[in-house]
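**Q** Each residue of the sequence shown is one higher than the one before, starting from 0 at the first, in numbering that gives the first Met the number 0.
The set of hints was computed from the structure by calculation and includes no laboratory data.
Fair warning: there could be bad hints in the mix.
Said to hold, decoys possible - Quick list of in silico lysine-lysine cross-link-like pairs, DSSO-like style, CA-CA up to 30 Å: (1) K173 x K271; (2) K41 x K107; (3) K41 x K93; (4) K28 x K99; (5) K347 x K139; (6) K271 x K337; (7) K28 x K93; (8) K139 x K99; (9) K257 x K107; (10) K139 x K41; (11) K257 x K347; (12) K139 x K173; (13) K339 x K172; (14) K99 x K41; (15) K154 x K107; (16) K99 x K257; (17) K139 x K172; (18) K173 x K99.
Unchecked claim - Label pairs and their in silico Cβ distance ranges: (19) P23 x D123: 17 to 23 Å; (20) L353 x D6: 22 to 28 Å; (21) S397 x A32: 34 to 40 Å.
All C-beta atoms, glycine included, are put in the ideal place defined by N, C-alpha and C.
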Amino acid sequence: MRSSIPDHSREIELIIMCCRTPLPAPLSKRISAILGEPIDWKFALNVAQRNAVLPLFGRSLRAGFSEQIPAEISELLEREETRHLHNNLFQTRKLIELVKFFGTNDIKVLPFKGPALAVEAYGDPLYRYFNDLDVLVQPKQFRKAITLLTDIGWKPITSASWLTKHDWSISRKKDIYLVDPDGRVNLELHWKLSGSHFGLPKEINTLWDRLEWIELGGTRVPALGINDLLIYLCLHGSRHTWERFGWICDIHQLILSKDSIDWEQLHVDSCKLGSEKVVALGLRLISDFFDFEVSNETWQKAISDPVFGEMSREIRDRLFTAESTPVQIGERYLTHLKLKERSFDRFKLHYHYLTWYSRIIFTPNEVDRNVIVLPRVLDPLYYVTRPVRLIYNYFRNSRA
């Protein structure tokens, strides 16, 4: 019996091949051949959009294959490119203004992701999708940075109540979201790069001593050192279970943008931070998606682990479906656990998911209040009735 599920392997191959710059000659020839066959453009554009690679995908198609693209698709990509260009240039200008503003107030800042990564990895802010700005400040200057921003009209859009605690610096929180006075720019102001349950240990604080510099809109701004940046990008992708193909493209393009990578030092740094598996998975992904060969025996051995091969296949299957397939909490938990190397890191992960599960199980919602109507004075009883209701529903559904 013929499967009723459409075969989109052609479109998937097209997306992957177009998501690099520049395009090697053999790939250009293969892309041209694919475009000579019927293409499900709705699927291709939706998947590219969902994976945050539509700017890169569209730019590659319009730059090298405009005559093979249907006119309506070319026009759509051109409109999207114009909109994306205006947004990215505006966001880049705002980032430069923020860096200068903090500099005049003696606050060290480190832009990462967003425009900085677009320029460093792709050489052009147009190639990378981003819709907010990420800036890291040192913990000792975090409060001052927030005060300065709020004084000029920036407004927090997430709670900052945890900052009032005496021991806020050991909080699982890592940032605060703010919006500019015009409501057009969202800023993630970080005091650490990642949450504690899947973060980097204190040793990463020494990254302030290893900063590099890049040109952004004619302005020199600080940037993460290449090893720190690669480790962070792999950690960020793994923490979010690689929900976007664009994150894989970032790592690939960043490596291609460098004349050389000190692979042995990258391995030393990764192991020191308990992140060898995290980086190995990132390298395995660019190896599988882009046929990238790591010219280092240590990493070749690490990424050849069958566990990473299985994870890579699962990620590919999830990224290129017609509809978005969210990663469930249990699957995310197991994936994260596979990437933890040290006992204390596993303990922090267990604790994070234990509290997450506890909130799900015991925190009542409107459904609980509708199933059993209690007077307000007995409201605390919902914390008991909710788990009972969940257990009942679980066994009822299991029997069904």
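**Q** Given the hint that K257 pairs with K107, test it: the Cα-Cα distance must not exceed 30 Å.
**A** Answer holds: K257 to K107 is near 26 Å, not above 30 Å.
**Q** Take a quick look at whether K139 and K173 sit within 30 Å of each other, Cα to Cα.
**A** 14 Å, holds
**Q** Is the gap between the beta carbons of S397 and A32 within 34 to 40 Å?
**A** 50 Å, violated
**Q** Given the hint that K173 pairs with K99, test it: the Cα-Cα distance must not exceed 30 Å.
**A** Roughly 23 Å between the alpha carbons, so the hint for K173 and K99 holds.
**Q** Keeping to a limit of 30 Å between CA atoms, is the pair of K347 and K139 held or broken?
**A** 24 Å, holds
**Q** Against the 30 Å threshold, does the CA-CA distance of K139 and K41 hold or violate the hint?
**A** 49 Å, violated
**Q** Within 30 Å, alpha carbon to alpha carbon, are K339 and K172?
**A** 20 Å, holds
**Q** Could you grab the alpha-carbon distance between K28 and K99 and see if it respects the 30 Å cut-off?
**A** 45 Å, violated
**Q** Go ahead and decide if the range 22 to 28 Å is satisfied by the Cβ distance of L353 to D6.
**A** 42 Å, violated
**Q** Between K139 and K172, does the CA-CA distance stay at or below 30 Å?
**A** 15 Å, holds
**Q** Assess, step by step, whether the Cα of K99 is no farther than 30 Å from the Cα of K41, and give holds or violated.
**A** 43 Å, violated
**Q** Check whether the Cα positions of K271 and K337 lie no farther apart than 30 Å.
**A** Judged against 30 Å, a Cα distance of about 18 Å means the pair holds.
When the structure is compared with the earlier hints, violations turn up for hints 2, 3, 4, 7, 10, 11, 14, 20, 21 and for no others.
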